[in-house]
Amino acid sequence: MIDLDFLAPYDVSPVTLMAFALTLLGYGYALPRLSPDERPGRLRVFTFVIGVMLCYVVMQTRFDYYAQYMFFIHRGQHLILHHIGPFLIALSNPLPILRFWHARVSPAGRRWLRPFAVAYRIVQHPVVAPVLFVGLIYFWLWPPVHFDAMLSRQLYWTMNWSMLIDGLLFWWLMFDPRSPATTAALGHGKRILILAVVAIPQMILGASIVFSRGMVYDVYEVCGRAWPMAPETDQLLGGLLTWIPPAMMSILGILLLLRRAMHADEQPAIRSAIAEGNTP
Amino acid sequence: MSHPLRALLVLVLALAGCSDPGPDWHGKDIRNLMPDLAFTLTDARGQSVTADQTAGKIRLLYFGYTSCPDVCPTTLADLRQAVRALPETTRDDIVTLFVSVDPERDSPERLASYVRFFGDNVIGMTGSLTELRDLTRRYRTTFGYDEPDEHGNYDVSHSSAVYVFDRSGEARLLLRPNSMPPGQIRDDLEQLAREQPPS
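The listed protein sequences derive, respectively, from chains A and B.
Okay, so the first sequence: first residue is 11 according to this note's numbering, each after it adds one.
Okay, so the second sequence: first residue is 78 according to this note's numbering, each after it adds one.
Chain B extracted, bound-state conformation (with noise of 0.2 Å):
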């Protein structure tokens, strides 16, 4: 309890259900709710890479892995829908990092063949399993893998949710891609877009 005051704040400001009488979201408002983005990972060019190369955009954190069946793949195409119908100078200030929690696996090589398929804005990343476990533990997710088939095919259990960090790196909201159409991420995008116009 870094800031028992900031904490009971929150709590009071949770109890009285007055939280911020701000702009309507599509999606989770988390606000002081999480940290501010920060990170080092590796990227698909095997160089190291940390939040404050992207500062100044819109940042969506994703964690998943390039074997992903089915969620990893709809979410991020949901994602380059929900960019690509936002308008055209807005477009650019939107990066999607996609942090790989399974770096035994997914090669900086076979992480930047997958990213590119989602567009131009799209960061691959991983790092060790020490870095993965900070990071999922700052934002309060996890991971975990299956037992491998004969194949040494496994499954891997990761948050279904995109983190939302505005252009200061502020934590600001959680959207859940599969219980919200495209049409609402891009509603809320463009509002955080509006609120802090690029300096």
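Isolated chain A (complex conformation) (with noise of 0.2 Å):
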């Protein structure tokens, strides 16, 4: 049976809960209204509800509580926030939702909008995307700026945030379905060879928080853990969801973007060996 009492937020956010609730009232909103040819599929809809929801549940349930005073279980929530989540809803391509949006917005919400996309032009250009994918990572585990993270509600909130709005521009840069061909999209290249870049500082971050000797997160002590287990325990298991998982990440992305580059380069060749009169 689920414990209903694990559902409501140990930290009620009302931003959170806010954004959350319109996210997914404006894409069911706009999902029946979408003409059938660019309307997302089932598995696509259902993509994007579980990303949306693995964020909300790591961000408004008692998975919060347990990630305020385990480390481990904090480096998993972000590894959901920054990571899994995103990398979901990205994948789902919710690219026909935000245009029917866009389509509704004034020419007075335009121009308020103008400052926008210009920073989201500066923060997706294909070396600031990265630094600041894995800036971010090294910024919060800093130990001084870990330890204020975790006693101060206002700063945690903007960790968790930061992290959740990062991950979702990274990984709409990587899986942006738009075809680099066509239109200003990144080159399939550049995205594998960001993902391959990505990785490799954070294997390194995580390698070294499992190998180090001493405690290098000592807020969990302080603030006393969910439940007893070893101080070193908590990094070992913390510092192999900073290791692994966020690496083999990298790699799911590097073959899915691989299988679409390998279509991409079909297509051409199809359409050459017809005009030359051959069947494939």
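For the record, the hints were derived by calculation from the structure and aren't laboratory data.
Because the structure is a prediction, the values reported are computed rather than measured.
Incorrect hints may appear among the rest.
Pairwise CB distance ranges (calculated) [stated by the list, open to error]:
(1) A:Ala31 - B:Asp129: 33 to 39 Å
(2) A:Ala257 - B:Asp129: 16 to 22 Å
(3) A:Trp237 - B:Ser125: 29 to 35 Å
(4) A:Asp21 - B:Ala132: 50 to 56 Å
(5) A:Phe16 - B:Gln261: 40 to 46 Å
(6) B:Gln268 - A:Trp122: 47 to 53 Å
(7) B:Thr207 - A:Arg270: 37 to 43 Å
(8) A:Ala127 - B:Glu224: 42 to 48 Å
(9) B:Ser256 - A:Ala31: 54 to 60 Å
According to the in silico footprint, chain B covers these stretches of chain A (three or more CB under 8 Å from chain B) [stated by the list, open to error]:
(10) 160-166
(11) 231-245
Cβ coordinates follow ideal geometry from the N, Cα and C atoms, glycine included.
Can you join these two chains into the complex? Each is in its own frame, and there are hints to help.
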């Protein structure tokens, strides 16, 4: 039986509740109003909802309590907020929904959005995006900053939201479905390169936590753990979660992009073959 | 995020590494990181107690339980030693608030006899589990209970830190007595008392 208490938020964040409600409502409203040829199929809708719900669960249920008082669960929380959740959301290609809402923004609203468009182009630059992606992980895991973030409610929420937003930006840059051949979207080669490059510093950071002898993150000692666990075990598990799953996410992303690049390569080949009168 | 701007400011200061070039502390400076002192609990006489009743004093907030085998008595003894080393005029300006997170076993009488052992300026208090959860969440700490043994005894996990609030109730320092000699605690308390003379 599911423990219903588990579903209640540990620390209610109205901003977070509102953001998730608006996202799901906005998606659900647009979906039946899209033309059938651009409406996402069941699998894509499912992927999107799972991605959103995963992020919700780690932010607004009892999971958040454990994430505040156990280092390795905190690392699991960031794995979902920065990697798995945004990965699924970007993979589900919510572009038609975004276009639907963008078409309904008034000209005045568009002027208001213009600074955001400029900021978006800056953070999605192929050099800035990976630096930001890895930089945020390093920043929040820098021991003095991590200590403060776990003590201050405001910093804690800033940390989690910054990870989620950056995760969405990064994985969207990776999985943007628009063809690099016909649009300004990033080329597949560059995307694969970025995924490989960001994996390395994450592996170094994770491994350095795993193999560190002393306690790097002692805030969990100060604040009490959710249940009695040896601090070394907690830190070891947290290090492993920083090291291995993110590297696997990079590899998974590379495989998906290779598949997409292969399809893109085959299409002109098929076309030219047909043009020459040969059946492929 | 009730004050996103303030959060951003704290973040920027943290980034710049210049968060207040003020005095050096042995403990961890938690100014602007944690909320002001506020609680409504039950004291060792079974009466309601709030933070306002000790306003104007420097308050040391510590979570523990009276059956605690080592950490709590050591910490309370260290605090007593640090306070005793202060000038006599400052001593009475400092109050230790001992919050038991084990209300099941810590009755008011038990709390009273326990805190008496650690000096006059120690106030023992506890509350319902909901009250205690609210207070520990406010100061971003937690507590938990182990499985009881055959005699019904059980361990309680709790914060090992002491939260220091100044005379106006603002959160100022996080002391970690298990890695900090009483002399350093004394220095920090004296510095804090000097900073805001009693009104």
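Verification of the supplied hints:
1. A:Ala31 - B:Asp129: 33 to 39 Å: The hint (33 to 39 Å, Cβ to Cβ) holds, given that Ala31 of chain A and Asp129 of chain B are roughly 38 Å apart.
2. A:Ala257 - B:Asp129: 16 to 22 Å: 53 Å, violated
3. A:Trp237 - B:Ser125: 29 to 35 Å: 32 Å, holds
4. A:Asp21 - B:Ala132: 50 to 56 Å: At 27 Å between Cβs, range violated.
5. A:Phe16 - B:Gln261: 40 to 46 Å: Because 42 Å falls inside the window, the suggested range holds.
6. B:Gln268 - A:Trp122: 47 to 53 Å: Check passed, 49 Å falls within 47 to 53 Å.
7. B:Thr207 - A:Arg270: 37 to 43 Å: 53 Å, violated
8. A:Ala127 - B:Glu224: 42 to 48 Å: For Glu224 of chain B against Ala127 of chain A, whose Cβ atoms are near 57 Å apart, the range 42 to 48 Å is violated.
9. B:Ser256 - A:Ala31: 54 to 60 Å: 44 Å, violated
10. 160-166: Coverage by chain B holds here, the residue count being 7 at a Cβ distance below 8 Å.
11. 231-245: holds (count 8)
Checked against the numbered hints listed earlier, the structure breaks hints 2, 4, 7, 8, 9; every other hint is satisfied.
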